[in-house]
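Please model the complete structure; the sequences and the hints are all you need to start from.
There are 4 protein chains.
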Amino acid sequence: MKFGLVGYSGRMGQEIISVFERAGHTLTFKMDINGEELLELPEVVVDFSQPSALVRTVEFCKSNELPLVIGTTGLKNQHFEMLKELAKKVPVVQSYNFSMGITVLRRILREYASYMQDWDVEIVEIHHRYKKDAPSGTAIKLGEELKRESPKHSLRIGGVPGDHHVFFANDGEVLEFHHRAISRRAFALGALKAAEFVLNAGPRLYDFEEVLFGGRV
Amino acid sequence: MKFGLVGYSGRMGQEIISVFERAGHTLTFKMDINGEELLELPEVVVDFSQPSALVRTVEFCKSNELPLVIGTTGLKNQHFEMLKELAKKVPVVQSYNFSMGITVLRRILREYASYMQDWDVEIVEIHHRYKKDAPSGTAIKLGEELKRESPKHSLRIGGVPGDHHVFFANDGEVLEFHHRAISRRAFALGALKAAEFVLNAGPRLYDFEEVLFGGRV
Amino acid sequence: MKFGLVGYSGRMGQEIISVFERAGHTLTFKMDINGEELLELPEVVVDFSQPSALVRTVEFCKSNELPLVIGTTGLKNQHFEMLKELAKKVPVVQSYNFSMGITVLRRILREYASYMQDWDVEIVEIHHRYKKDAPSGTAIKLGEELKRESPKHSLRIGGVPGDHHVFFANDGEVLEFHHRAISRRAFALGALKAAEFVLNAGPRLYDFEEVLFGGRV
Amino acid sequence: MKFGLVGYSGRMGQEIISVFERAGHTLTFKMDINGEELLELPEVVVDFSQPSALVRTVEFCKSNELPLVIGTTGLKNQHFEMLKELAKKVPVVQSYNFSMGITVLRRILREYASYMQDWDVEIVEIHHRYKKDAPSGTAIKLGEELKRESPKHSLRIGGVPGDHHVFFANDGEVLEFHHRAISRRAFALGALKAAEFVLNAGPRLYDFEEVLFGGRV
Numbered sequence: 001m002k003f004g005l006v007g008y009s010g011r012m013g014q015e016i017i018s019v020f021e022r023a024g025h026t027l028t029f030k031m032d033i034n035g036e037e038l039l040e041l042p043e044v045v046v047d048f049s050q051p052s053a054l055v056r057t058v059e060f061c062k063s064n065e066l067p068l069v070i071g072t073t074g075l076k077n078q079h080f081e082m083l084k085e086l087a088k089k090v091p092v093v094q095s096y097n098f099s100m101g102i103t104v105l106r107r108i109l110r111e112y113a114s115y116m117q118d119w120d121v122e123i124v125e126i127h128h129r130y131k132k133d134a135p136s137g138t139a140i141k142l143g144e145e146l147k148r149e150s151p152k153h154s155l156r157i158g159g160v161p162g163d164h165h166v167f168f169a170n171d172g173e174v175l176e177f178h179h180r181a182i183s184r185r186a187f188a189l190g191a192l193k194a195a196e197f198v199l200n201a202g203p204r205l206y207d208f209e210e211v212l213f214g215g216r217v
Numbered sequence: 001m002k003f004g005l006v007g008y009s010g011r012m013g014q015e016i017i018s019v020f021e022r023a024g025h026t027l028t029f030k031m032d033i034n035g036e037e038l039l040e041l042p043e044v045v046v047d048f049s050q051p052s053a054l055v056r057t058v059e060f061c062k063s064n065e066l067p068l069v070i071g072t073t074g075l076k077n078q079h080f081e082m083l084k085e086l087a088k089k090v091p092v093v094q095s096y097n098f099s100m101g102i103t104v105l106r107r108i109l110r111e112y113a114s115y116m117q118d119w120d121v122e123i124v125e126i127h128h129r130y131k132k133d134a135p136s137g138t139a140i141k142l143g144e145e146l147k148r149e150s151p152k153h154s155l156r157i158g159g160v161p162g163d164h165h166v167f168f169a170n171d172g173e174v175l176e177f178h179h180r181a182i183s184r185r186a187f188a189l190g191a192l193k194a195a196e197f198v199l200n201a202g203p204r205l206y207d208f209e210e211v212l213f214g215g216r217v
Numbered sequence: 001m002k003f004g005l006v007g008y009s010g011r012m013g014q015e016i017i018s019v020f021e022r023a024g025h026t027l028t029f030k031m032d033i034n035g036e037e038l039l040e041l042p043e044v045v046v047d048f049s050q051p052s053a054l055v056r057t058v059e060f061c062k063s064n065e066l067p068l069v070i071g072t073t074g075l076k077n078q079h080f081e082m083l084k085e086l087a088k089k090v091p092v093v094q095s096y097n098f099s100m101g102i103t104v105l106r107r108i109l110r111e112y113a114s115y116m117q118d119w120d121v122e123i124v125e126i127h128h129r130y131k132k133d134a135p136s137g138t139a140i141k142l143g144e145e146l147k148r149e150s151p152k153h154s155l156r157i158g159g160v161p162g163d164h165h166v167f168f169a170n171d172g173e174v175l176e177f178h179h180r181a182i183s184r185r186a187f188a189l190g191a192l193k194a195a196e197f198v199l200n201a202g203p204r205l206y207d208f209e210e211v212l213f214g215g216r217v
Numbered sequence: 001m002k003f004g005l006v007g008y009s010g011r012m013g014q015e016i017i018s019v020f021e022r023a024g025h026t027l028t029f030k031m032d033i034n035g036e037e038l039l040e041l042p043e044v045v046v047d048f049s050q051p052s053a054l055v056r057t058v059e060f061c062k063s064n065e066l067p068l069v070i071g072t073t074g075l076k077n078q079h080f081e082m083l084k085e086l087a088k089k090v091p092v093v094q095s096y097n098f099s100m101g102i103t104v105l106r107r108i109l110r111e112y113a114s115y116m117q118d119w120d121v122e123i124v125e126i127h128h129r130y131k132k133d134a135p136s137g138t139a140i141k142l143g144e145e146l147k148r149e150s151p152k153h154s155l156r157i158g159g160v161p162g163d164h165h166v167f168f169a170n171d172g173e174v175l176e177f178h179h180r181a182i183s184r185r186a187f188a189l190g191a192l193k194a195a196e197f198v199l200n201a202g203p204r205l206y207d208f209e210e211v212l213f214g215g216r217v
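Protein chains in written order, with this note's numbering: chain A, 1 to 217; chain B, 1 to 217; chain C, 1 to 217; chain D, 1 to 217.
Misleading hints may appear alongside valid ones.
Because identical chains share one entry, a pair is satisfied inside a single copy or across any pair of copies.
[To be verified] Each computed DSS-like pair below joins lysine-lysine, with the alpha-carbon atoms no more than 27 Å apart:
1. 76 / 88
2. 193 / 147
3. 132 / 152
4. 62 / 2
These aren't lab readings, by the way, just hints derived from the structure by calculation. Small disclaimer: the values here were computed from a predicted structure and weren't measured.
If you want it as structure tokens, here you go:
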């Protein structure tokens, strides 16, 4: 596919280019705080940049009727309104976390936690020392899927990109779910999945779980 | 409930008594290679003994119309025929593995492996040095749920009761499922779950997954 | 060797008998709250019972000049005085933790933590839900070897016998030490090590680390 | 310090610049396949490039009497001869692995494996799917420190940078050493340690273990 990329010069942008090109896709439009460069009209636009870029991104998608994959964090109500409006014309995938593993894990917990209702459950998450919030947003989301209280333990050590452990245990056995982020490549691979999805999807606002699991939500 | 136990003097039998009594249930019938002792007619019979004990167990259940939970391993065709016959009159739960964690994990793999089709997957299992077969039967069962080849690695060290790890990984993340057996108490807790189930089930032969997940198979 | 055992009827006592007999040793004297039984004078006495039993144990060792391995917990000053007195005549090994793995790990941390002074370090320990104190005594001991503050995280889930993780991490790597107790057999094996040690040791009060590492303390 | 860097434009070179500058050091000389740039004479030279670059690196160090930290892999006898010659005049640190964690772990195994002589030991290593050799060179080195046979298991999944597990187990407990590489930053931090070391060391050829542990080898 031909793809456009907003925020191409940052680290996440570079990772997206690397992952998409390795999959045989071609960058034909790039946009940045420093300007735009259009080689050819893309088939899909990917934006992992800043909320402030969204006005121009949405305008570009709307006028060219291009589907959008948006992973920018910190969106406000006004941004979601713009996306909803755009999604009337083209498919839009919006998520704050394009990790496939975390998305799969959340769904597993949602479906299976009730079968281990009488087991104990606790969560351990490990992140680099520069992460200020604790517990992590992901640990909170995982906990919400459990539908009950779960003690959360946060380690802040070295440069760990992000580990999440969910431990279930009864008197005779332990079942542990462990997700480990290796690098931001995880999110670029998720963005690729989403870009391939919107090429064949109808106009609507989708979340990343729908990309992975389709109608089965 | 009042329960009967076949094979009460072995280690597994003692564990079952301990778990059932802690849950408020009463042992009213026990049978062993050395004889039988009937204090009061039980409401359910549990048998985790030897295939050779099955004739008498089935006879006892049939004549008293008692549901049966059977965890004996090494059953032959003739034994399954007897159980099917019995199951026309009373509910019977038969399984070679009453671990809830493994049963949940198998089902998760069956349902979710396809969403990580393009990830790599490998299995590591760790057992005590006295275990002769490798890979473990459980590792093989877990692998079957993946619907594709999965390299399996078997460690045989010390007294480890049984660890199973299933690793999924793509270029950016790892999702690991880890089951750890602590002791045979795991199976006694599963037997308890099954005993509570048959009290309210209709005549039929059930496997342990049905006990945990009900009609949703 | 011929060994005597104080507190032979409890779970720990049974484990010690099993481990010692498997190693080819013979129980020739046993003592319990219910009485004593002397088949033959033992070569060493092992006591993993109650502080209240110590008077008789020490008396027996002293009058027969027998070395002692004592793993009883909750000893008071008066008990230590008795042991010191006895140790003038025979070798005595006293410890509150006969786990070889934990003893090795403590020593490793003592010797190597300083080489990772600028790494972050945190401790996670996991125990069964019935354990009331947190962090565990072992986690505290491990932390003391680090010679600096270390955040400690305590999970209380199911029937986990006891896991201890010490994580060191810098920006580029993680070095984790993980000890897992499988069963009280660990302590029986440590007691065996100590019993073999005292057979050839001179009169003195030893701790378990000296048993493992000899003069190299 | 002022440092020179050979191979500054590659990924490892960029990581070294980032780590050294964050520590307050200044890049004053850089060399590459495309040429050299000398801003000011450095106090130490770091080379993580290609064997073919070594002639010029050694020449530069020799004529300016500058200590060298060399992490280039694939060196031949002739290269080691050059380094030995240089080391008569200035301190030189040469290693194929500048990971502090692995260096610490090797030393721990060397010192402690004998105390767990009667435990079982096995090694598991996990690397990305693009790694062709198995077991990894690091797993082999770790195994050599054990002074006995150790089964090795190699997983090749996704993008895992490199995990090494060494499991010791007896009938009652497990002691596991687990090293995890997060990124090549680990090696840049090791190079920094070595650069700080050579500033105050006498002329000699050192390996990385000496950098970490000093005279205590």
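With 27 Å as the alpha-carbon cut-off, assign the pair residue 193 and residue 147 to within, between, both or neither.
between (29 Å within a copy, 22 Å between copies)
If the cutoff is 27 Å on CA atoms, where do residue 76 and residue 88 land: within, between, both or neither? Let me know, please.
within (19 Å within a copy, 62 Å between copies)
Taking 27 Å as the upper bound on the Cα-Cα distance, should residue 132 and residue 152 be classified as within, between, both, or neither?
Intra 15 Å, inter 18 Å, cutoff 27 Å: intra and inter.
Should residue 62 paired with residue 2 be assigned to within, between, both, or neither, using CA atoms and 27 Å as the limit?
within (17 Å within a copy, 53 Å between copies)
Checked against the numbered hints above, the structure violates none of them.
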